[in-house]
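Novice: With these hints in hand, go ahead and build the complete structure from the sequences.
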Amino acid sequence: MSTELLKAVAASNEWWALGPEIILACAALGLLVLELVTPKAQHRFIPHAAGMALAVVLAGVALNFGKIWDGEELFGGLIRLSMPGQVARVFFLLSSLLVCFLATVCLPRARVPRVEFYHLLLVVTAALMLLAQSNHFVMFFVALETVTIGFYILVSYYRERASSLEAGLKYLVLGALSSAILLFGIVLLYGAVGRVEAGGVVHTGFEFGTVLTFLRENPGNFLATAGALLVIGGVAFKIGAFPFQIWVPDVYQGAPTPVTAFLAVSSKAAGFAVLLLLVHGAFAPLAGVLVPVLSLLAAATIIFGNLSALTQRNTKRLMGLSGVAHAGYLLIGVVASFTVPWAAGAVWFYLFTYLLASMAVFGVMAYVAGPDDSGEELDHYARLARERPFLGAVLAVGVGSLAGIPPLAGFMGKLLLFVAAFHAQLYGLLAVAVVGVVISIFYYFGWIKAAWFEIWTPPAAGTDSPARPLPAGPKWVGVAALALLTFATVLLGFFQAPLSGWLLPR
Amino acid sequence: MIPLLAAAPAYGLPSYLFVSALLFAIGFFGVLLRKNTLVIYMCLELMLLASTLALVAFSKFNGTLDGNVFVFFILTIAAAEVAVGLAIIVALFRKRHTIQVEELNQLKH
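The listed protein sequences derive, respectively, from chains A and B.
Position 82 of the first sequence, counting from 1, maps to 75 under my numbering, and the rest follow consecutively.
Position 1 of the second sequence, counting from 1, maps to 26 under my numbering, and the rest follow consecutively.
No lab work stands behind these hints, which were simulated from the structure alone.
Where hints are given, some of them may not hold.
Simulated pairs of lysine-lysine, DSS-like, Cα-Cα distance not exceeding 25 Å [what the hints assert, rightly or not]:
#, chain 1, residue 1, chain 2, residue 2
1, B, 120, B, 60
2, A, 468, A, 33
3, A, 163, B, 85
4, B, 60, A, 163
Chain B stretches covered by chain A per the calculated footprint, using a threshold of three residues with CB under 8 Å from any CB of chain A [unchecked claim]:
#, region
5, 50 to 63
6, 66 to 73
7, 88 to 98
Think of the CB as a built atom: it goes at the ideal place given N, C-alpha and C, for glycine as much as any other residue.
Specialist: Shown next as structure tokens:
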């Protein structure tokens, strides 16, 4: 290798800028090697190694956060470093760290290989971080498919359970369908933009910047508009917006609990990161088409999510369908961000509060669930507060924050989104959202009631099922993680400055 | 040399796009309407191939090579998807002894 090449590589910070993703990918491979070379008795430390890798990368990203690369394009325009990209990195790393913790609770109960789970977790995390920073449709599609294919395997990870495999198959068919729709949209955009020569360099419709210029100069181009709408449709599948939400309840129920949490938090956040990236980047000139479409999606998503969650008794389906409603509130934020620039920050604030509350609730679900975690009903939470007061308290705070009860973080997240919508004069959507929140309080309180208040049930003669075993008590790591999540949720309800000062530009 | 093909007129971009859209529509409705998981799977691949055909046609008529390069990425991704998908289908068939969609309804309340 010539020294000139080495010098050129050293001079450019292109690879340094992608350090977190590269370290994660190497750590993922390292885990597999570790499994081969260490004796079987030491394998229980591999999850800790995965958690350590995530924590180290998270600390690295947080320490270098101030070094903002503003709009610098790397690798010939494949990657664009930006402030939202950095926020997305922190979000995905934090979420994966918590999923890693949930997996150490849940996986030992099932007879499955464990190391591969953490391997896939790290690979998917790296791909999610790349996805949020992509600036080129080829990069975008490859990162998205890496995430999606990783999720196919993770959802069907309990391979000895028909329910997990069935969820995996459903996610696979509908996920591949949405990917194909998204791909066709990309192809139409490529075809519409054609060959653009600027300054002796040929640009194509794969680059976000070229698409932006093309759409600005050719408003009303049918092929490009259709392509953009197909791409938005593919992204809407990720976030579980209304016509594409059909997979949510089944997949959430069948997937292992850590994967359900990963889907609910990271996959949804990835959808919103990409949506914000596209509607403010490449598709910005199409606001006249996108605002009505996204508004309609938001209203339908909120109404559908809340009404269908009302009748659910299965906790994972309940989390899934209420998550659909949360996606609706977030879509209002995306619509508002067309006219109110800080609404994008409000969307991220909401996602962070959603992460804290959801992970707390999924943590409690992981402890309450027996060996079969797909059949967890609200009735299983009876007497939880008396038998495990700590878990009961964490559940109350987490569910309360999801419902948006005033002193908790979830309330502030909703408030910020609704203020943004008010500034953007989206009064109709605001009314729908408020009605949705009122409906959601009903089913969220049903859950808290099941855990905290005694319900007298007539003793059924002879047919009573065997008593459920007491939920496992969390070990100190579990206590620390859940207490931290609960504390953060309460604290963010009172002091938003640490998060809002960072997410909302002044 | 097949004389018929050799004598065929050069087709324009709309012809390619028409075939591509037709393939995409067949695949899309196949996924929605067919009941056999393997046939659904073939329909998904058909949709990806429709995109590939349109991509190559656009690449030729636009005069840029990027589309041809993207095709290789799509093929790789489709192969990974098939590998994972068939593994799931086989594992599910071992458990349930069926691949008909209407019988895979354990997750309903």
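Novice: All hints are to be evaluated individually against the structure, with a verdict given for each.
Specialist: Now the hints, each set against the structure:
This hinted pair checks out: residue 120 of chain B and residue 60 of chain B have alpha carbons roughly 19 Å apart, not beyond 25 Å. Distance check on the hinted pair: residue 468 of chain A and residue 33 of chain A sit about 23 Å apart at the alpha-carbon level, within 25 Å; holds. The hinted pair formed by residue 163 of chain A and residue 85 of chain B fails the criterion: a straight-line CA distance of about 37 Å is larger than 25 Å. For the hint pairing residue 60 of chain B with residue 163 of chain A, the CA-to-CA distance comes to about 13 Å; that is within 25 Å, so the pair holds.
Beta-carbon proximity to chain A at under 8 Å applies to 4 residues in the region 50 to 63 of chain B; the threshold of 3 is reached and the given coverage holds. With 4 residues bearing a CB less than 8 Å from a CB of chain A, the region 66 to 73 of chain B meets the requirement of three and the coverage assertion stands. For the region 88 to 98 of chain B, the proposed coverage by chain A is satisfied: 7 residues have a C-beta within less than 8 Å of a C-beta in that chain, meeting the threshold of three.
This entry does not satisfy hint 3, going by the numbered hints stated previously; all others are met.
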